[in-house]
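Protein sequence lines correspond, in order, to chains R and F.
For the first sequence, this note's numbering gives the first residue as 18, with consecutive numbering after it.
For the second sequence, this note's numbering gives the first residue as 26, with consecutive numbering after it.
Think of the hints as simulated: they come from the structure by calculation, not from any bench.
Just to be clear, a hint being listed does not mean it is correct.
Over 12 Å on every C-beta distance to chain R, these chain F residues come out as not near it, computed from the model [said to hold, decoys possible]:
#1 Y58
#2 A65
#3 K78
#4 E82
#5 N98
#6 N110
#7 D175
#8 A198
#9 T265
#10 G285
Label pairs and their in silico Cβ distance ranges [as the list claims (entries may be wrong)]:
#11 F:L298 / R:K19: 15 to 25 Å
#12 R:K19 / F:R272: 50 to 60 Å
#13 R:S22 / F:F327: 32 to 42 Å
#14 F:G163 / R:A57: 35 to 45 Å
Stretch-level coverage of chain R by chain F, calculated; a stretch enters the list once three of its residues show a Cβ under 8 Å from a Cβ in chain F [as the list claims (entries may be wrong)]:
#15 31–43
#16 52–59
Computed from a predicted model, the values in this text were never measured in an experiment.
Built from N, CA and C at the ideal position, the CB exists for glycine as well.
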Amino acid sequence: MKYLSNVVSLKIIPELCVGCGTCLEVCPHKVFEMRDGKAAILDRDRCMECGACAGNCAFGAIEVDKGVGCASAIIHSLIYGGEPVCGCEGDSSGNKGCC
Amino acid sequence: MTRLKLKSTVGQKNGPLSPCCPASKQDLPAWVYGAVTTPAGPVLKVSTGLTGKDYWEHFKCRTTSFRNNYTVNPGLYAVGDPDKNSDVLVSSNYKYSFDILRRELNGLNVWVLVLDTKGINVWCAAGKGTFGTNELIGRIARVRLKEIVDHRRLIVPQLGAPGVSAYKVKQAAGFHVLFGPVLAKDLPAYIAAGHKATESMRKIGFSILDRLVLTPLELSPVMKKFILFTIFVFAVFGLTPSGIIFRDAISGGLPFVLLGFVSVIAGALLTPLLLPVIPFRSFAIKGWLVGLLSVYVSMKLFPMLDQQNILLIIIVYLFFPLVSSYLALLFTGSTTFTGMTGVKKELGISVPLYLGGTAISLIILVIYKLGEWRII
Ligand code: SF4
Ligand code: SF4
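With the sequences and hints as input, model every part of the structure.
In structure tokens form, the structure reads like this:
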């Protein structure tokens, strides 16, 4: 399944990529492929912005606006401020347990 | 490695490495059955069998807020008889996840390093950063892992990758992080294959069963609000210039309460279940469609509402599909493929519509009541 098309904030900076392949390994949605020794985006609509690739690229070649794709977390952060995170604890967060 | 009698380990000065020093045997959970001695002290052994009690607790996690405080103590545990060359698996301290993990480790000899994720599963905790680089580095030092194993590898579940920067762990702690399969059940095959994950082990699925299991989480908080809705509806329909009339409350209000229930089921249960077959990618639109259709079918099957009253009909078709839409949108939190930017975009468009639709419905309801009272 895919979510909305063309909204994802994922970006590769090809000049920084050394083609180590780590991002291909950590991405749970097979967003990347190797093209001519560098990582390239195969299907950006599959990306859920989990940030695994960016956090594990030792060369800073990936940028993504990491966050949870969870409406209640986002609503909560809009009302009460702070980053949207999974609201798994406490009832006040209007949570529904993403777990 | 020799097995120690529990008695002798728990009273010891150094204490077992695993949980923080239980004072007596009674304090040890049922799934602990001994200890392994290591150069860094004894490590509790955990069984790979799950009991009826474990499964009952899992059920409660799925349906109630019981899950909010369902933890194991962070630290190192042993499964089977691990030694200096055995693999180290990293886990969260959400007891449910921990149980699923140990269940799949039957027959293996491995170490399990439980991070302090405040009782939250690996995936959510990795998003938050509690299942993260710093906690992992700190935990490796706390349990003195370097004295317990000779190798320098850790197997971190793939879903922990958003929180763990493998290269930073390597720099700071000297351990090489291998990202294991998404599902614990693939771990034995992954280890047997020499730490190689097949492509399918690396992908997150999202089956109809996954979705079904998640819907109770959606429904239970909504049901609390539904009670308030019911009270409101009965009050509105019962209200007459001469006080609240019970018969009017039921006859006028009941169809609304039932339709409200239909819209909740449509948004929080049907939409998640039928997700892949409902057209459009937007959750808000999916939910709205299913809500509209469900309300329409209910109206046709049970002509309970005064079908002549155009005002009530407008409210029914305006308000209830929006409820379904909103609930469907909330389900994005349970999916494995929605990203934050997309959800923000959906919210930006749909929340004004929800608020506007609700406001208009309320205004129409007031007009209806005034008409009923022959004020206008
Ligand atoms: S992890 Fe970074 S350097 Fe390695 S292939 Fe991916 S983008 Fe390139
Ligand atoms: S953010 Fe997550 S889903 Fe998106 S490309 Fe990176 S690893 Fe894959």
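Structure-based check of each hint:
no.: 1; hint: Y58; verdict: holds (28 Å)
no.: 2; hint: A65; verdict: holds (29 Å)
no.: 3; hint: K78; verdict: holds (20 Å)
no.: 4; hint: E82; verdict: holds (14 Å)
no.: 5; hint: N98; verdict: holds (18 Å)
no.: 6; hint: N110; verdict: holds (24 Å)
no.: 7; hint: D175; verdict: holds (25 Å)
no.: 8; hint: A198; verdict: holds (15 Å)
no.: 9; hint: T265; verdict: holds (35 Å)
no.: 10; hint: G285; verdict: holds (19 Å)
no.: 11; hint: F:L298 / R:K19: 15 to 25 Å; verdict: holds (18 Å)
no.: 12; hint: R:K19 / F:R272: 50 to 60 Å; verdict: holds (52 Å)
no.: 13; hint: R:S22 / F:F327: 32 to 42 Å; verdict: holds (39 Å)
no.: 14; hint: F:G163 / R:A57: 35 to 45 Å; verdict: holds (36 Å)
no.: 15; hint: 31–43; verdict: holds (count 3)
no.: 16; hint: 52–59; verdict: violated (count 0)
The structure fails to meet hint 16 from the earlier list, while all remaining hints are met.
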